[in-house]
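Undergrad: Just so you know, the protein sequences line up as chains F and B, in that order. Numbering of the first sequence is given in our numbering, commencing with residue 1 and proceeding in unit increments. Numbering of the second sequence is given in our numbering, commencing with residue 1 and proceeding in unit increments.
Quick caveat, the hints were computed from the structure, so don't treat them as lab data. Predicted, not measured: the structure shown is a model, and the values here were computed from it. Where a beta carbon is used, it is the ideal one built from N, C-alpha and C, also for glycine.
Computed Cβ-Cβ distance ranges for the label pairs, DEER-style:
#1 F:Asp39 <-> B:Ser62: 29 to 39 Å
#2 F:Glu56 <-> B:Glu68: 40 to 50 Å
#3 F:Glu56 <-> B:Pro8: 36 to 46 Å
#4 F:Val45 <-> B:Glu68: 24 to 34 Å
#5 F:Ala111 <-> B:Val74: 40 to 50 Å
Among the chain F residues that face chain B by a calculated CB cut under 10 Å, a handful are:
#6 Gln6
#7 Ser8
#8 Gln38
#9 Gly43
#10 Val45
#11 Phe46
#12 Leu89
#13 Phe101
#14 Gly104
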Amino acid sequence: SQKIEQNSEALNIQEGKTATLTCNYTNYSPAYLQWYRQDPGRGPVFLLLIRENEKEKRKERLKVTFDTTLKQSLFHITASQPADSATYLCALDRGTYKYIFGTGTRLKVLA
Amino acid sequence: GAGVSQSPSNKVTEKGKDVELRCDPISGHTALYWYRQSLGQGLEFLIYFQGNSAPDKSGLPSDRFSAERTGGSVSTLTIQRTQQEDSAVYLCASSLPPGLMYNEQFFGPGTRLTVL
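Same shape as in the complex, but just chain F (with noise of 0.2 Å):
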């Protein structure tokens, strides 16, 4: 079955630095890989799509690119703040209804 990785360890980084979260897959490649941010006590809230045909997307600061060689998404905040400081999600779609998410990698961007 599908396996998610996300480093569990909590990723602390320096405001204005750029913050890389890894996501790695074991199995198939999905159709779509979705990345959301999750706030404590809060629901998660999507971020950014990227599509098994896409190498990269970007969104203002947010940049998540997508290697199905490797099986591996990475998503990048460049020139984080400490309003970054969240936990965030990946979450695979084979292209059907059915998600499968990862555990989440909480980052904390320290002032």
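Go by the hints and put chain B onto chain F.
TA: Structure of chain B alone, referenced to chain F:
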């Protein structure tokens, strides 16, 4: 318009009691999902509704769990004879039908269930 709403926000119950969790999806969203998130864990898929089709119940952990969706809108997740391991945050999400746009899911704030 309003986002996905869930009630109650917190529920404390005694082991063996039944609980009902409610989800109001975004108007016009025909797809509705229930997930469970335990402390430090990812989202665990429970059940999926799409329009009038039969729901996909493959993620329900036991027959103590059931869900229904009335009129293609509001959904209720019922847990019978609750156990302590049922303690978690139960999240509901809705989206447009698969195949439209990004299949982006809009999540509610969740219901935190504590079974004593």
